[in-house]
Amino acid sequence: GAVVSQHPSRVICKSGTSVKIECRSLDFQATTMFWYRQFPKKSLMLMATSNEGSKATYEQGVEKDKFLINHASLTLSTLTVTSAHPEDSSFYICSAPPLAGGLNEQFFGPGTRLTVL
Amino acid sequence: GNSVTQMEGPVTLSEEAFLTINCTYTATGYPSLFWYVQYPGEGLQLLLKATKADDKGSNKGFEATYRKETTSFHLEKGSVQVSDSAVYFCALRVAGANSKLTFGKGITLSVRP
Chain A
714 GAVVSQHPSR
724 VICKSGTSVK
734 IECRSLDFQA
744 TTMFWYRQFP
754 KKSLMLMATS
764 NEGSKATYEQ
774 GVEKDKFLIN
784 HASLTLSTLT
794 VTSAHPEDSS
804 FYICSAPPLA
814 GGLNEQFFGP
824 GTRLTVL
Chain B
385 GNSVTQMEGP
395 VTLSEEAFLT
405 INCTYTATGY
415 PSLFWYVQYP
425 GEGLQLLLKA
435 TKADDKGSNK
445 GFEATYRKET
455 TSFHLEKGSV
465 QVSDSAVYFC
475 ALRVAGANSK
485 LTFGKGITLS
495 VRP
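Going down the list, the sequences are from chains A and B.
Here the working numbering is used: position 26 in the first sequence is 739, and no number is missing along the way.
Here the working numbering is used: position 25 in the second sequence is 409, and no number is missing along the way.
Warning: the hint list may mix true and false statements.
[Claimed, not checked] Listed next, with one range per pair, are the computed distances between beta-carbon atoms:
1. K755/A / T455/B: 39 to 49 Å
2. K755/A / T412/B: 20 to 30 Å
3. R496/B / A785/A: 41 to 51 Å
4. A401/B / G766/A: 45 to 55 Å
5. P394/B / P799/A: 36 to 46 Å
6. E776/A / Q465/B: 39 to 49 Å
7. C726/A / A401/B: 40 to 50 Å
8. P799/A / K436/B: 37 to 47 Å
[Claimed, not checked] In silico EDC-like cross-links for lysine to aspartate or glutamate, where the CA-CA straight-line distance does not exceed 16 Å:
9. K444/B / E460/B
10. K440/B / E426/B
11. K484/B / D468/B
12. K436/B / E426/B
13. K755/A / E392/B
14. K484/B / D801/A
15. K755/A / D439/B
16. K779/A / E800/A
17. K444/B / D468/B
18. K440/B / E460/B
19. K436/B / E818/A
20. K727/A / E772/A
21. K452/B / D439/B
22. K484/B / E818/A
23. K733/A / D801/A
[Said to hold, decoys possible] Derived coverage of chain B by chain A (criterion: at least 3 residues anywhere in the stretch with Cβ under 8 Å from a Cβ of chain A; other residues may be distant):
24. 434-447
25. 483-495
I should point out that these hints are in silico values taken from the structure, not numbers from a laboratory.
A virtual CB, placed ideally from N, CA and C, is assigned to each residue, including glycine.
Sequences and hints are given; from them, build the entire structure.
The structure is reproduced here in structure tokens:
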């Protein structure tokens with residue numbers, strides 16, 4: 714099946730710094746990628762939809778200035794957590810449906826564990 | 385709107401026990417239904433799916449049937465293994481490959497030897 718990678722897999726940073734997380738589709742193209750946040754023992758919360766060549770669409774309650782999303786190409790989307798604080802510590806997951814759709818399926822990255830000290 | 389309701393967890397079973405995890409949904413339009421599994425420390429993986437009423441998705445001994453009349457997509461396995469211990473998410477998507485998934489809250493399954 715299609716592969717989605719995320720980098721880094723885990724990151725620890727100091728409060729106030731910014732952290733960039735990359736999401737790549739390795740063997741397919743995707744005009745859309747989704748960013749989720751997963752709290753411990755909770756479901757996935759969709760944060761935003763990343764659109765190649767245009768602005769991301771954020772879900773209600775998600776601060777777009779804090780969670781910057783850039784979809785630079787058909788295989789890469791980045792999420793930057795700006796001025797991170799301990800409450801931003803979480804597991805961030807991206808997913809992508811293949812451009813050549815029809816599969817009605819999304820492929821998920823392995824996730825990035827962010828810990829803000 | 386669209387929503388997915390899963391039974392409350394966690395669930396603890398002995399190896400070789402029968403598993404049922406309930407999932408019901410509400411949706412505008414005709415959804416495709418999915419079960420995703422998340423093993424400890426890993427990302428989500430698609431376990432099985434069904435795209436229309438009465439379809440049965442199956443994989444790794446797990447099955448789920450798309451029941452339009454009861455708006456359900458219950459996950460079953462006849463004999464669970466310790467390696468099935470994971471978090472299971474029911475999800476739906478309506479209309480188009482790029483539309484977003486709606487997830488249930490997930491349920492943790494622990495299988496003891």
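The hints, checked one at a time:
For the pair K755/A and T455/B, the beta carbons lie near 24 Å from each other, so the given range of 39 to 49 Å is not met. For K755/A paired with T412/B, a C-beta distance near 25 Å keeps the hint of 20 to 30 Å intact. Between R496/B and A785/A the CB atoms are about 46 Å apart, so this pair conforms to the stated range of 41 to 51 Å. As the Cβ distance of A401/B to G766/A is approximately 50 Å, the hint placing it in 45 to 55 Å holds.
For the pair P394/B and P799/A, the supplied restraint of 36 to 46 Å is violated, since their beta-carbon distance comes to about 27 Å. Under the hint 39 to 49 Å, the C-beta atoms of E776/A and Q465/B, about 43 Å apart, fit the expected range. In this structure the supplied range 40 to 50 Å holds for C726/A paired with A401/B, their Cβ-Cβ distance being about 43 Å. At about 45 Å, the beta-carbon gap between P799/A and K436/B stays in the expected band of 37 to 47 Å.
At roughly 11 Å between alpha-carbon atoms, K444/B and E460/B fall within 16 Å of each other, so this suggested pair holds. For a cut-off of 16 Å, the pair hint linking K440/B to E426/B is broken: about 26 Å separates their Cα positions. Of the pairs offered as hints, the one joining K484/B and D468/B is violated, with about 27 Å between alpha carbons and a cut-off of 16 Å exceeded. Between K436/B and E426/B the alpha-carbon distance is near 29 Å, which puts this suggested pair outside the 16 Å criterion.
With a CA separation close to 12 Å, the supplied pair K755/A and E392/B stays within the 16 Å bound. Annotation: proposed proximity of K484/B to D801/A is violated, straight-line Cα distance about 23 Å (limit 16 Å). A C-alpha spacing of about 29 Å is found between K755/A and D439/B, which places the hinted pair above 16 Å, so the restraint is violated. Between K779/A and E800/A the CA atoms are separated by roughly 12 Å; this keeps the pair inside 16 Å, and the hint holds.
Taken as a hint, the K444/B and D468/B pair is honoured in the structure, with Cα atoms around 10 Å apart against an allowance of 16 Å. Taken as a hint, the K440/B and E460/B pair is honoured in the structure, with Cα atoms around 11 Å apart against an allowance of 16 Å. Distance hint between K436/B and E818/A is fulfilled; the C-alpha atoms sit about 14 Å from each other, no more than 16 Å. Between K727/A and E772/A the alpha-carbon distance is near 26 Å, which puts this suggested pair outside the 16 Å criterion.
At most 16 Å may separate the alpha-carbon atoms for a hinted pair to count; K452/B and D439/B meet this at roughly 10 Å. Straight-line distance between C-alpha atoms of K484/B and E818/A comes to about 10 Å, which keeps the hinted pair within the 16 Å bound. The hinted pair formed by K733/A and D801/A meets the criterion: a straight-line CA distance of about 13 Å does not exceed 16 Å. Restraint check on the region 434-447 of chain B versus chain A: 1 residues with Cβ-Cβ distances below 8 Å, three needed, restraint violated.
With 7 residues having a Cβ less than 8 Å from any Cβ of chain A, the region 483-495 of chain B passes the three-residue criterion, so the hint holds.
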